[in-house]
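Line order of the protein sequences matches chains A and B. Residues in the first sequence are numbered consecutively from 1, following our numbering. Residues in the second sequence are numbered consecutively from 1001, following our numbering.
Wrong hints could be hidden among the right ones.
Under 7 Å between C-beta atoms, here's a sample of chain B residues computed to sit facing chain A [claimed, not checked]:
#1 1128
#2 1132
#3 1229
#4 1247
Each pair of labels, with its calculated beta carbon distance range [claimed, not checked]:
#5 B:1175 / A:199: 43 to 53 Å
#6 A:123 / B:1178: 49 to 59 Å
#7 A:121 / B:1024: 45 to 55 Å
#8 B:1178 / A:119: 49 to 59 Å
#9 B:1024 / A:126: 17 to 27 Å
#10 A:176 / B:1178: 44 to 54 Å
#11 B:1156 / A:113: 23 to 33 Å
#12 A:199 / B:1076: 31 to 41 Å
#13 A:48 / B:1099: 46 to 56 Å
#14 B:1013 / A:120: 40 to 50 Å
#15 A:117 / B:1015: 17 to 27 Å
#16 A:113 / B:1029: 43 to 53 Å
Source of the hints: derived by calculation from the structure; they are not laboratory data. C-beta: ideal position from N, C-alpha, C; glycine also.
One-letter residues, chain by chain:
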Amino acid sequence: MDWLTDNWLSILRGFGETLKLLGLSGAIALVLGTLVALARVSPVPILRGVAIGFVTIFRNTPLLVLILITYYGLPEVGIDFGFFINISLAMGFYTASFVTEAIRSGFNGVPLGQAEAARAIGMPFTQSMSQVVLPQAFRLVVPPLASVFIALTKNTSLAATFGVAEATYRMRGLFNDYASQMIFIFLGIALGYILIVAVISWIATAFERRFAVNAR
Amino acid sequence: MSASTVLYDAPGPKARARYRLFGLLTVIGIVLLLAAVIWRLWSRDQLTADKWEVFYTPRYIELLARATLDTLWIAALSIAGALVFGVIFGVAKLSDHLPVRWFAWVIVEFFRAVPLLLLIIFVWFYAYDTRLGTIAPLVIALILYNGSVLAETFRAGINAVPKGQVEAAFAVGLRKSAVMRIVQLPQAIKIMTPAIISQCIVALKDTSLGYYILAAGLTTTGREIWRTFDNRLATALVLAAIYIVLNLLLTALGRWAERHITGARPPQALADKPGQPTAA
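So that you can see chain B by itself, here it is in the shape it has in the complex:
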């Protein structure tokens, strides 16, 4: 444990006693903080049945479950689209043809730099007359944004494939497209699995932005609930809990996929683990 950090030596008996003291103080501090929070909630009538009743009423549990499914469905659509978009533009950024490379560069850099909400509002307004509804604009914007981030990821992954692999593939007579398709891309995807999973979590969190255009999903359903029962804090806390559970499940799924589907981690994996920051 202490051998894994450069910051401090293995503790001796005195240091261990000191650490225990600090640990105890931390626990006391946290217990006091929790007590203060509960007292605050209690004294402001936030812990009453009429604020929380709705979350153990079967009809509303069903409503929330349906909203969760909507959110997951939107996230799944966006991630699937973003993966396709990412592969196409990631490969295009490495194209031998200058115009293709430039076009891909402009598209990817633009959609990566623009705030997602700005994009959602634009697509929603722009498509307003076409009666696309609210889910399609949300999914389109999510695909453009996450797809552009993934394009960069794929490009980095393709570049991380050892050069010898490509040279060997050319040497046995494969064409350019075949080298990309059956040598570079599969290895790039394997190298980049952790980064791809992180981006999936980002996409899942970003589905909450459907709130702005009232697209189906957890946040919009939450809005309906608190407008009916006037329990904004309780609803927001429940939404946060649902999202945390979903994301932790996705993280666990990612770790599992990393171990069992893609095999062992390649030696020069550039990407961060799913549990590390992706600057969402």
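Chain A extracted, bound-state conformation:
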């Protein structure tokens, strides 16, 4: 177990870096994904088309290729915010397409009858949105959004390919130094990721319970 006792600080720093990637790209994904989702469900056909195009492009490109574009490609045209932000941009745009689809599926999950009933009892558009449609949509969005963020947590490991010293990168380093304890190192680092994932799904469950409907 000396790999752990001697290196726990650098492993923790690695996971700190993982969390930083998760936070930055998660924020980009959430903001951008929400904007694109609004365009995706808007009444303007061209906006919807643009949103569909965005989702199609970014969901069908492998994340690794997107990082190649932002990490190697953007600096070639003079767009360089530093490697950390450039990598987070790729992860943010990639994840944004999944955020968009999660939010859209939440909106689509609200039964049509709900809005019709709201209109039938005389609610104006703003009221039927804020009182009837959006609260239900929000509740439906939480579980798919949680799985998007869990996927993002795992995807941050790709930054190791480009020399960001996050958890996966540290594991590779430990493999070189402690070749005989490879399985334990692998299980240990995996456990770290599993903990992050567990926290995310715990938050999602808490949200769901907080906003659960007791009727029916």
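Once you have looked at the hints, place chain B on chain A.
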């Protein structure tokens, strides 16, 4: 169209005029954005022949074609393996025997929660002395990860088969294994076809991770190209285009299979369509 959403009413003449205006503004914005991108590429000498020449040189087109075939081959192997793995562990998760159920649960939950790249690096290092090469570790890791996701899919599909089907099968005297084999599994696969196709797309995208261990495939070939011609942006854009085309073809194939091979969609299909998010 507008009847299919709860978010807004059917537009009247004023609203339609407003939508047209917004549409026009969007188009203008996009044209300006594209112009800015092209200007940027032009002013930074990215649109010169020496950056792009390689992609219309027959020798390199052939190289890329071979890399595409490698990628497809790796993806096909992984998907086939993952399907077998998924069926076995999906059924095992529903086993009547507690130890079997627990074992399957631990394996599936573990490999689902671990980042794929972590798994690839581990298998690659672990198998380093056995001279397995680079493709085998990549395929093994892809099978373990996608197989575990598919195991969950199959389990959900089996549970979605109506209970009456199982009871009827037992009533006509089939054994437990026969009920699973000829009643539950076929219907589960039918219900889960869209989810399975989505996972195939995920697997195809994930073959790009072979880059880390330099396994054959598009990303590794791309690396060779830009190391020779120093055209990283151009190469990455071409790779992205190839992957997008492959994935869209796979999506179309999935839709076609959904319609023609598995028949009409069953009434209580739980799964999402191929075009919907799978949280890759």
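Hint validity - residue 1128 of chain B Cβ closer than 7 Å to any chain A Cβ: Since the shortest Cβ distance to chain A is 9 Å, the answer is violated.
CB-CB spacing for residue 126 of chain A and residue 1024 of chain B relative to the 17 to 27 Å hint: Cβ of residue 1024 of chain B to Cβ of residue 126 of chain A: about 26 Å, so the range 17 to 27 Å holds.
- prompt: Does 31 to 41 Å hold as the CB distance between residue 199 of chain A and residue 1076 of chain B, or does it fail?
  reply: Holds, at about 36 Å.
- prompt: Given residue 1229 of chain B as an interface hint, is the shortest Cβ-Cβ distance to chain A below 7 Å?
  reply: violated (13 Å)
message: Hint residue 1132 of chain B vs chain A: min CB-CB distance below 7 Å?
response: violated (15 Å)
message: I want to verify a distance hint. Is the separation of the beta carbons of residue 1013 of chain B and residue 120 of chain A within 40 to 50 Å?
response: violated (24 Å)
field: residue 199 of chain A and residue 1175 of chain B - C-beta distance against the hinted 43 to 53 Å
entry: holds (44 Å)
message: Verify the CB-CB distance for residue 121 of chain A and residue 1024 of chain B against the hinted window 45 to 55 Å.
response: About 36 Å separates the Cβ atoms of residue 121 of chain A and residue 1024 of chain B, which means 45 to 55 Å is violated.
- prompt: Does the Cβ distance between residue 176 of chain A and residue 1178 of chain B fall inside 44 to 54 Å?
  reply: Cβ of residue 176 of chain A to Cβ of residue 1178 of chain B: about 52 Å, so the range 44 to 54 Å holds.
query: In this structure, is the beta-carbon distance linking residue 117 of chain A and residue 1015 of chain B contained in 17 to 27 Å?
result: The hint (17 to 27 Å, Cβ to Cβ) holds, given that residue 117 of chain A and residue 1015 of chain B are roughly 22 Å apart.
query: Is the hint on residue 1247 of chain B kept, meaning its closest Cβ partner in chain A is under 7 Å away?
result: Holds - the Cβ of residue 1247 of chain B comes within 7 Å of chain A, reaching about 4 Å at its closest.
query: Would you say the C-beta atoms of residue 123 of chain A and residue 1178 of chain B sit inside 49 to 59 Å of each other?
result: holds (56 Å)
Taken one by one, the earlier hints fail for this structure at numbers 1, 2, 3, 7, 14, 16, listed in ascending order.
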